[in-house]
Structures are given as structure tokens and as C-alpha cells.
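Enquirer: Sequence order for the protein chains is Y and R.
Heads up: the first sequence runs through residues 16 to 551, numbered per my numbering.
Heads up: the second sequence runs through residues 15 to 363, numbered per my numbering.
Bear in mind the hints are in silico, worked out from the structure with no lab data behind them.
Model, not experiment: these values are computed from the prediction.
Glycine included, each C-beta is placed from N, C-alpha and C at the ideal position.
Careful: at least some of the hints might be erroneous.
Computed cross-link-like contacts, DSSO-like style, restricted to lysine-lysine with a CA-CA straight-line distance of at most 30 Å [as the list claims (entries may be wrong)]: (1) 383/Y to 246/Y; (2) 383/Y to 79/Y; (3) 246/Y to 79/Y; (4) 79/Y to 172/R; (5) 254/Y to 79/Y; (6) 383/Y to 149/R.
One side only, chain Y facing chain R, incomplete, derived with CB under 7 Å [stated by the list, open to error]: (7) 104; (8) 106; (9) 120; (10) 122; (11) 124; (12) 133; (13) 134; (14) 136; (15) 142; (16) 143.
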Amino acid sequence: MEGIVSSDAAENGQKRDQPVLEVRGLTKSFFGNPVLQDASLTLHPGEVHGVVGENGAGKSTLMKILAGVYQRDSGTVLLRGQSVQFSHPTQAHEAGLSTVFQEFNLLPDRTVAENIYLGREPRKGLLVSRAKMNAATADLLESLGIGSIRPTALARSLSVAEQQIVEIAKAVSYDARIISMDEPTAALSGPEVSLLYGIVQRLSERGTGILYVSHRLREIFDLCQTITVLKDGRIVGTKPAAELDDASLVRMMVGRPISAYFPDKLPAATAAESPAAAAGETAAPTPLLELEGAGNDQLDGIGLRLMPGEIVGVAGLQGSGRTELLHAVFGAAPFNRGSMQMDGRSARPHSPRQAVRQGIALITEDRKAQGLSLNQSLLDNALGVVRAVFPGRTSSVRREVAGSFSSLEVVARDLDQEVQYLSGGNQQKIVLAKWLAVSPRVVLLDEPTRGIDVGAKVAVYRLMRQLAAEGKGVLMVSSELPEVIGMSDRILVMRDGRLAGELPAGSTEEEILRLATGARVPGAAPEDGSTTGGTA
Amino acid sequence: MTTTRSAARATPTAQAGGFFARLSSTQIVYLVALLVMIAGSILVATTGRNFFSPGNISAILTGTSVLGFIAIGQTLVILVGSLDLSVSYVTSLASLIGAGVMANRSENVLSAVALALGISAVIGLANGLIVAGLKVHGFIATLGMGLIISGYLATNYKGSFGQTPFSFRLIGATGLGPVPISTLIMLGCATLVILMLHRTRIGHHIYAVGGDRDVARMSGVRVPGAVITAHVICSVLAGMAGLLLASRLGVGSPTVGSQGGYDLLSIAAVVLGGTLLAGGKGSVVGTLGGVLIFAMLDNIMSVLQINPFLKDVVRGVVIVVAVAVYARRTVITRPPRFGHGGHQQELQP
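Chain Y extracted, bound-state conformation (with noise of 0.2 Å):
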């Protein structure tokens, strides 16, 4: 650890100019292809510099070549005015620059204070100091605002917010002068990202220069003094934020403007080709899905409809059981009380296999963990689904796939690669295409466009208007607001594992904000983050 004081205000002064990081003509391939082409970017202390560009434009190999992970191949990288190389994490870390990463490293089972000071643990002696440990992990969470985090509690006890915090936490003790932060927010709901802008702001205000990559804009605009731009590896531009709006930047990241990047309704399917419409009256259609008092241990007096051709959104903080409800309908966590119906006959699938025999698809949340098997072909995941539960359609189904591949422009060297060498976004549509393959009636999405690129939002927002037109009922629940106002026919508020209101499409985000939060209206607190474009 490094003696040298980040908040000695007189070093600030003098070297406010002097940049902390300055980054030249860095290059990086992997297997002949060039992920990183002469990248560079200086920053300064107490600066706050966004990185953005769609998946795939090469932010985290940059962060990753910074951390020390990968090796380049070439260009320069100065740490206060010193060339450096680093061939391993804690090289950086000694160095003064710490990264967090986008995937969560804690380990679950051990302690806060554990967890932080993992690698240099506190010593009195010989022996570690837990108390030691443990008062250093207070000061430490005390200095970055958020003491309600006790050293002593176990990782896993902790919410995603506050998982994510520690992370930063961790960071910051290694007397970092610079942290990169890649999707800080990727997990994060409203009043949870407010918290963390405390964060960056504090470190900022020390004088630790912060390389911010996130797919949220507002948050890049909210939190950043200067923006660069990269796009297939390339360096677009560096501009200072405030001579930036969402437009312009967005032209940058994709090289084109969007000019729907909430694509309207398509009329919907004719009456003949829609199930529920031939079966049912014109006056009151059936509805696909239904709920009346339905609850189990999370969730209570859950009452909703879902009709055919509609989009509903779910809105709501982190835990408010949105996802909760999901994988009860999914029968994941099934309901143990209240009515569930589908095309108005009673169904409670008890199992995941029992909803998809009823026509009900969940595209999770997490899809690294629970959407695909990481090490299998783009084609063994897309027919996933029917090979588990209508395997006498997989012949005809393994047809289809290739088709809705192209329809989802999804981009992959052949339908054999694994889909870990996929981009998020190029992942997210293998989820979609795997079930679409088993053609669900109602689609249940969580967290539909997290972490993906602009590009591949656009493709599953166009889906899911595309579903909807068919006659199919869609289910989404989302943290991003401007999603869930420009996609919804309705909207679902939750809070506490009800639902706290319905909301009809077009409200605001206060609106639906004062739902989840209940009574207590924050003011202040940023909304969830936008996205491209949502109010712009």
C-alpha cells in the first residue's frame, strides 16, 4: 500500500493538471482479431471520464489491459507520467489503480471485512487481526458514506446494491488514485444508483480519477466531465460531456442516428391467426394469463391480467419481488395460494417444465447463469428448451433456428461456436431464439436489455412488438424506466412483494417511482437510469 495521502489538497493543487492515467495507441488482439486499435485517453485527477460504445466496442478489454488481466500488445500506458506494464491484478492494485469489474467478486461465504482486505489481511504479529480488519473495513465504509454495512456481516446476506458497494469499497482500499468502474449500475435500481453517484462524487472530490463505463447515459451525463467514445475498437472521439446531449452521443457510439428506438405498435395479427381472439368473444376476450390472490413466501395478493397482444410492464426497486413474480407464474417458486389461470382454465405450474407444457417462456435475468450452458454451441442452446420438453419437435424445430437467428440479426462465426465468445447482446438473442423455439403464448422477460448494446436493445424491443402483434401476451419486468414507459400498454408498480398500482402507458417516471417507493417521495433521487435517447 502506498504511503502517499490522495486527499492532500496542496498535491492536488499543483497536479490537477498533471494527468493520472494517460493511455497511447494501445492495441489488442485476440486470436488475429483486433479488439483494441490504438486507443487513447488521458485523465486527470478528480476527473470523472465516461467510456461508452455499444458491447463489443472494446471498453472491457481496455479496462481489462488496464487492471492487468490481459497483456498488450502494443502502445503506451503512463501512470503519473511512468510507463507501466502490469502482468497481474496486484501489480495494478500496488500501483494505485483498481478496477471493478463487471461480474461480482466477493465470495459469498465470507465476511465483508473478509472480503476486502482479501490477499492483505491486517496483522498483529504473526496472526491476522480480525479487529484490526474489522475497524479499518468501519472507517473505510464510513469515509465512502454507507456505515450500514456491517464488516462482520457475510457477503451473502448482502443486497446486490450493497454487494456491488463493497466492491467499490475494495477498490478504494487499496489507496487507489485511479478506479475504473465498468457497469457499476448493471445491477442497480433508483435510489440504489443514487447512492452510488454519493460515491463517485466523494472519491472524485479526493481527487481519484474515475474511468466510469456504463450503458446508461443519463448516468454518463449525470457523473461525467468528459466522455470518450469507442466503437469496434477504435477511439470515435473525446469530447467534454457538456458539449454532449443523448443524440449526439449516440450518433457516435452507433455511427447512425436511431430514429426509432422505441419501435411503435404493429397492427396487430388477424382475428383468425389469433388463438384467444377465435376462441373468445369480440366484446371480452379471454385473458391469456390471469391472477386473483395469488402468493407464496415473497409475494401476496397478486391479482393480474395479462391479454392476448398486450405488453405489461412490472416496474419496482430492487426486491420489490418482481422477479419474484416471474418465477412464480414460471412455477420456479410456485404460488402456494390464490387462483392462476390460463385461457381461463385453472393452471399453477409447479415446475418450470409444466409452465413451458403450457405455453409460458422466461427469459431470466441472469443469463450467464440461468439462460445458457456458456460452453455449448449457439445451436445445442437454441433447442435447449425443446429438446428438454417436446423432443419430438426438434427435427423440425433445429430448421426454424437458423432463421430466427437471421431475424434477430444475432452475429456469430456459424451456429457452432460456443456462445461464450458471443457479445452480451449477440448472447441475450440466443435466450430469445431458444424460446421462441417452442413458440410460448406468453412471454415473461426479466430485465430483457440489461448490459446489452444499443443496437440489440432496438432487436428485442422490435420483438417483443413482433410477439405482441401474434397475439401473445408479454410480461417485462425492467429497471430501466424510459424501458418500461416506452414498451408498456400497462404498467405494474411493486413494492414489498405486492402490487403497489397500476399505472396506464405514458405515465411519468415520478409516477411510477412514488408507487414503488411508497409514502416516502425521493425528492432528489435520480430515477433509474436512462438509456439512449428515453427522454431525450
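Following the hints, complete the assembly by docking chain R onto the known chain Y.
Expert: Same frame as chain Y, now just chain R:
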């Protein structure tokens, strides 16, 4: 450690309810041990004998010491995310080296012990290097090492070998009241290992590497160091078990370890003690509880003169039921996604 864990769990599990959910796995092990003890004392009483007689207590504790040494080491190896299937062969080898070098002469005891434990350590070092350096999973690496030692033993020793002097045999035969010296030595080793796990960096790193190797590496932990340390200590403890057997039998034997089935039994005791087979979570204290349960079961069934094959059935049932209970608990103690008075609330402005 145990206290920290139960304290941390108190909040999330309070609302989940359920008696088992509120107990740490270590507490469950000892609760089960208590139940076995009560059931045992009743069953033994029906035969007209006393479960708690000094003689019987001494017999049970004697039964804990050999398996105890091996299971403590196995705990370390499992915590770090590996396994050691070579322990029972190391035990046999150590008994032969010990008894062979001693050759019934008291003045040779020290050098024999040093040599037996030294060779055990070298085997552990080899295991650790193969696992950490060559990236062979511990299961395979130590299975291979076990076969190598087993082959060496079978070729070079046709039966018992050497002889331990009277002074050394006392270790296996005497005790403080009903507590055998061997059990005290085993508990001493357990204390040292517990101290190492909780109060030294290498101990913390063993937990970290077993929890997630990449996280540990990225945090600057020297992963091979933790793996090798765990394997060396495990082998040395298996060597001590071999010396203890030599002390009891008076001779070294090429089959004393494998006949005891210590490899799988020690893994069972570790898992019964609440340690995750995948590593990263568990405790030596729990393992000792598992060892105690096995020792008591053995004792009760011997006293009741139960068919030895049925003994294995009972052991098997205990292992499966225990692990099923833990699996169920893991589901219950999953952190709540939301709660009334849970962590989320604290965070909101």
C-alpha cells in the same frame, strides 16, 4: 468464526423461521451428536451396560483419534477446493516407516517420527504441486498418488514390519483419566489448524481459494501456496495417524490405512461436519463433530453386537440424511430478496 457466522445469519433467517434454519451447520452437527449420545446411552443401557462408563468413554475417544487426524487434514484440503484420496496409503506408509526405523529401540523414536512425517510431507507437497501446478483436479491427482504408494507397499511389504518400543506404545495406550493421550494430541493438532485457518493469512487464503479461485487470484492471493499448504498439512496429519496406529499395534502394516477406509470415511466426516464439498465454507470444529458421531455409532453398534455390514448401512444413511438437511438449509437461508426491516430499507435515503 462460528460466532460471526451465526450473528450474520440472525437477521435474514429470523423471518424465514424454522428451527434448523436458525442453527449454524456446526450447531446441527453437535445437536445430532447429542441425539446419538442419548439414543446410544438408552440402547446400551438395555444390554445392561453403561454408555458413560470411563472404559466406554475411553473407547469412543480412542475411536475418534485416528479418523480425527485424517479428517482434520481432509477438512483443509476440501476447504481449499481439492480432495485427498491418498491419505489411507500415507497412513500405512507412515506406520511402516515409523515401526521400521524404531525397530524396538526407544532412542530411535525421534528420528523415526521425523522421517515418517517428513516423507508424508513430501507426498503432500507432491500432491499440492500436481494440483496447483499441473492443474490436475485433486480427486485424480491423489487417486494416482494413492495408487503409486499402494503399489510400492504391496511390492515391498508382505505383511507387518518393524516394531515400536514400549515407550512409544504408551502413547496409544495411556490416558489422562478416560481421555487417551492420542485424543489429546489430535485435539492439539485441531487447535493449531483452527488457529491457522482463522488467525493467519494462509488460513484466510485457503477459504478464499476454495470459495472462488479467480476472485482469490485477482485479489493478490498466491493460489498455489494455499493449495500446497493444505495438501502438505493433510499428508502430515495422515502420517501422524499412521504413527498412532503403529503405536497401538506395536508394528507397522501395509494395509492398516486402506483397511480402515480412512480416505472416504474422512471425506464423509468432513461433509457431515458441514463443510461444503466444493470448498470455501466449513470448519474443523464441525469435522470433529462428524468424527465424534462416527465414533459413537461404531461404539454403540459394537456394544450391541450388530452385524458389521449393517454398520455401513447406518453410516451411509447418516451421511446422506445429514447432507440432505444441509442442502435444505441452504435453500432456506438464501438471502431474502426483500424484507420487512431488511437491508434494502437501510440504504434508502
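Enquirer: All hints, please: hold or fail.
Expert: Hints and how they fare:
The suggested pairing of residue 383/Y with residue 246/Y holds, with an alpha-carbon distance near 24 Å, which does not exceed 30 Å. Between the alpha carbons of residue 383/Y and residue 79/Y the distance comes to roughly 20 Å, so the proposed pair stays at or under 30 Å and holds. Pair hint residue 246/Y plus residue 79/Y holds up; C-alpha atoms about 17 Å apart against a cutoff of 30 Å. Under the criterion of a C-alpha separation no larger than 30 Å, the hint pairing residue 79/Y with residue 172/R is inconsistent with the structure, at around 59 Å.
Our distance criterion of 30 Å between C-alpha atoms is met by residue 254/Y and residue 79/Y, whose separation comes to about 23 Å. Pair hint residue 383/Y plus residue 149/R holds up; C-alpha atoms about 25 Å apart against a cutoff of 30 Å. Checking residue 104/Y against chain R: minimum C-beta separation of about 5 Å stays under 7 Å; hint holds. Taking 7 Å as the C-beta cut-off, the interface hint given for residue 106/Y is violated, the closest approach to chain R being about 9 Å.
Here the hint on residue 120/Y is kept, as its CB sits about 5 Å from the closest CB of chain R, short of 7 Å. The interface hint given for residue 122/Y is met, as the beta carbon of that residue sits about 4 Å from the closest beta carbon of chain R, less than 7 Å. For residue 124/Y, the interface hint holds, since its Cβ comes within 7 Å of a Cβ in chain R; the closest pair sits about 4 Å apart. Because the smallest distance between the Cβ of residue 133/Y and any Cβ of chain R comes to about 4 Å, under 7 Å, the interface hint for this residue holds.
Against a cut-off of 7 Å between C-beta atoms, the interface hint on residue 134/Y holds, since the closest Cβ of chain R lies about 4 Å away. For the restraint placing residue 136/Y at the interface with chain R, the shortest Cβ-Cβ distance is roughly 5 Å, inside the 7 Å limit, so the hint holds. Among the interface hints, the one on residue 142/Y holds; its C-beta lies about 4 Å from the nearest C-beta in chain R, closer than the 7 Å criterion. The closest approach between the C-beta of residue 143/Y and any C-beta of chain R is roughly 5 Å, which is under the 7 Å cut-off, so the hint is satisfied.
Checked against the numbered hints above, the structure violates hints 4 and 8; every other hint is satisfied.
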